[in-house]
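Chains as they are written, first to last, in this note's numbering: chain A, 10 to 78; chain B, 30 to 476.
Don't read these hints as lab results, they were simulated from the structure. Quantities reported herein were computed from a predicted structural model and do not represent experimental measurements. All C-beta atoms in this analysis are idealised placements derived from N, C-alpha and C, irrespective of residue type, glycine included. Hints should not be assumed to be uniformly reliable.
Stated by the list, open to error - Over 12 Å on every C-beta distance to chain B, these chain A residues come out as not near it, computed from the model:
no.	residue
1	LEU18
2	GLY35
3	ASP45
4	VAL49
5	GLN56
6	LEU70
Claimed, not checked - Short derived list, chain A residues pointing at chain B, Cβ under 8 Å:
no.	residue
7	ARG43
8	ASN53
9	VAL59
10	LEU60
11	TRP62
12	ASP67
13	LEU68
14	ALA69
15	MET71
16	TYR72
17	GLU74
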Amino acid sequence: MSPKTNTDLLGRPLTADERELLDLYGRLRTLSARTDLPPVATANVKQAMVLLWNACNDLALMYEEPGCD
Amino acid sequence: MSATESPYWNPKTETLPKDQLRALQLVKLQRLVARAYEQSPFHRRLYDKACVRPEQVKTLDDIRRLPFMTREDWMANQAEKPLFGDLITRPESDAIRYHLTSGTSGRQPLRVLDGRKDWSWITDMWCYGFWGFGIRPTDKVFFAFSYGSFIGFWGAHYCTEKLGCLTLASGNMTTEQRVKQIVEMGVTVVCATPTYALRMGQTAEKMGIDLRKDGKVRRVIVSGEPAGSIPAVKKMIEEMWGGKCGDTAGMTEIGTIMIFECDHQPGGPHIIEDHFIEEVLDPDTGNPVPYGERGERVVTSFGRGFIPLIRYRTKDLVCKVPHTRCTCGRTGDVYEGGILGRVDDMKLIRGTNVYPRAVEAVVREHHEVEEFQIVITRVDNVQDEITVKVELKPDQQDCWPRLHAQLGKDLADAHEGLRFNVELCKQGELPRFELKAKRLQDLRPQY
Ligand SMILES: [Zn+2]
Chain A
10 MSPKTNTDLL GRPLTADERE LLDLYGRLRT LSARTDLPPV ATANVKQAMV LLWNACNDLA
70 LMYEEPGCD
Chain B
30 MSATESPYWN PKTETLPKDQ LRALQLVKLQ RLVARAYEQS PFHRRLYDKA CVRPEQVKTL
90 DDIRRLPFMT REDWMANQAE KPLFGDLITR PESDAIRYHL TSGTSGRQPL RVLDGRKDWS
150 WITDMWCYGF WGFGIRPTDK VFFAFSYGSF IGFWGAHYCT EKLGCLTLAS GNMTTEQRVK
210 QIVEMGVTVV CATPTYALRM GQTAEKMGID LRKDGKVRRV IVSGEPAGSI PAVKKMIEEM
270 WGGKCGDTAG MTEIGTIMIF ECDHQPGGPH IIEDHFIEEV LDPDTGNPVP YGERGERVVT
330 SFGRGFIPLI RYRTKDLVCK VPHTRCTCGR TGDVYEGGIL GRVDDMKLIR GTNVYPRAVE
390 AVVREHHEVE EFQIVITRVD NVQDEITVKV ELKPDQQDCW PRLHAQLGKD LADAHEGLRF
450 NVELCKQGEL PRFELKAKRL QDLRPQY
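Extracted from the complex, chain A is given alone in its bound form:
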């Protein structure tokens, strides 16, 4: 996923809501990759990241490798 993307997979401009979902996903993904957080944060952030991935993926905002977390 490119954080700078302005369109969805169909080439439509992203709406403000879609942009926010993608932004949230990007931030959670960065956070979930950290290794210095306590388990309580890492595990729960990963779960949250996965759910945001689902929303962005289903809305055709991106198509990112599903196995990767």
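Given the coordinates of chain A, assemble chain B with the ligand onto it according to the supplied hints.
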């Protein structure tokens, strides 16, 4: 419109005009094929052998350049490289779940692994279906399901949690306990196989419970058997429960459902086309069949990360009709009559796969048997029965009481406990064959 008023789980993609849906599928297909080629040695070998490269997929029709993936290849790959073969794209340590296909005699079950995102996706596919059939956060959903290594309704359970429904798991309950809880808790949605939905209904009658009056069930969601799309079966279920019955279908190889009936019920389930490409092909030639003709389902799934599933031959028999058959507004096409059966000789009996050859292998262990026949029937439109008719050698007639019991046990042991009826025939009663024998009679109605 508030979220709960939307008739669609995902309005944006469920109602996409067909050309845009195709464009979306192409983007996903290209990335999926590239990923499979890079990360799954199994797929790389498959494509190298067929002299095809990911960048040759330029249009959706180019999917036909890609070789098929078969269950046999998958099983052989697992056997060569235990436990999972080399088609998984991630290290085993990334997985959070392990499931198995229902095994058959003489065949290893397929072992599948999934990661976090895979399970979230699996859950979401059920959400498309449950939401589309009218399930909402205010519902109380009961799962008549054993929660074991078979994937079954696992994803549906997480789906109703995600939707915010009250979710009732009934793993080890008896049928009577289940019926009691459904009534006591005011359950509004029941999920089961069609056979078991009927059995619960019959049990309720014996318990003196009128589910239509005493219960609050408004939806019965069935899965796991082709009977779920047979109108006569649905009618029986609806009359027993007093709620609408909707069909879904999936497979362990996919991990979830790929088709579901919407609230409009146009005579078959919709395909979730933003997540799957479902081709319908002539099983012999591999060429596409037009709308309205029966063929074999060949599925490509965009959702699973661990296991790329591209042009997987399901051997399911289906008949695709255009989405315009339904008035709900979804643009996913419809499988008229759901899954119609199997294109090969595998028989699905009450959820267990039975191969005539495997039955023969068991029967032939008993030398007293001279000839046999397998007869499959459907009782009351729902319950499938399998009977092995046996003719003994003339000098072995005395062994019948012992053999009768032993054969029944051996057949069940080889088929996950499936009950077989075993019957004795008179001398010369069963047909004899030259060259290819036809020992199987499937007398179930064909829909
Ligand atoms: Zn519809």
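Against the structure, the hints:
1. With 12 Å as the threshold on Cβ separation, the claim that LEU18 (chain A) sits away from chain B is violated: the shortest Cβ distance comes to roughly 5 Å.
2. Non-interface status of GLY35 (chain A) relative to chain B is upheld: no Cβ of that chain comes within 12 Å, the nearest being about 15 Å off.
3. Remark: the non-interface label on ASP45 (chain A) is consistent with the geometry, its nearest Cβ contact in chain B lying 20 Å away (cut-off 12 Å).
4. With a closest Cβ-Cβ approach of about 17 Å to chain B, VAL49 (chain A) is found to remain outside the 12 Å limit, as its non-interface label requires.
5. The Cβ of GLN56 (chain A) sits about 7 Å from the closest Cβ of chain B, inside the 12 Å cut-off, so the non-interface label is violated.
6. Not every C-beta of chain B lies more than 12 Å from that of LEU70 (chain A), the closest at about 10 Å, which undercuts listing it as non-interface.
7. The interface hint given for ARG43 (chain A) is violated, since its Cβ lies 16 Å from the closest Cβ of chain B, which is over the 8 Å cut-off.
8. Hint status for ASN53 (chain A): violated, given a least beta-carbon distance of 12 Å to chain B, over 8 Å.
9. Restraint check, VAL59 (chain A) versus chain B: the minimum CB separation of about 5 Å is within 8 Å; hint holds.
10. With a cut of 8 Å, the hint placing LEU60 (chain A) at the interface with chain B holds, because the nearest CB-to-CB distance is about 6 Å.
11. At its closest, the beta carbon of TRP62 (chain A) sits 6 Å from a beta carbon of chain B; the interface hint therefore holds under the 8 Å criterion.
12. Look at ASP67 (chain A): its Cβ gets to within about 5 Å of chain B, closer than 8 Å, so that hint holds up.
13. Using the Cβ-Cβ criterion of 8 Å, the hint placing LEU68 (chain A) at the interface with chain B is satisfied: the shortest such distance is roughly 6 Å.
14. Checking ALA69 (chain A) against chain B: minimum C-beta separation of about 6 Å stays under 8 Å; hint holds.
15. Hint status for MET71 (chain A) relative to chain B: violated, with the closest Cβ pair at about 10 Å, above 8 Å.
16. For TYR72 (chain A), the shortest C-beta to C-beta distance to chain B is roughly 5 Å, which falls under 8 Å, so the interface hint holds.
17. The interface hint given for GLU74 (chain A) holds, since its Cβ lies 6 Å from the closest Cβ of chain B, which is under the 8 Å cut-off.
Hint check: violations occur at hints 1, 5, 6, 7, 8 and 15; the rest are consistent with the structure.
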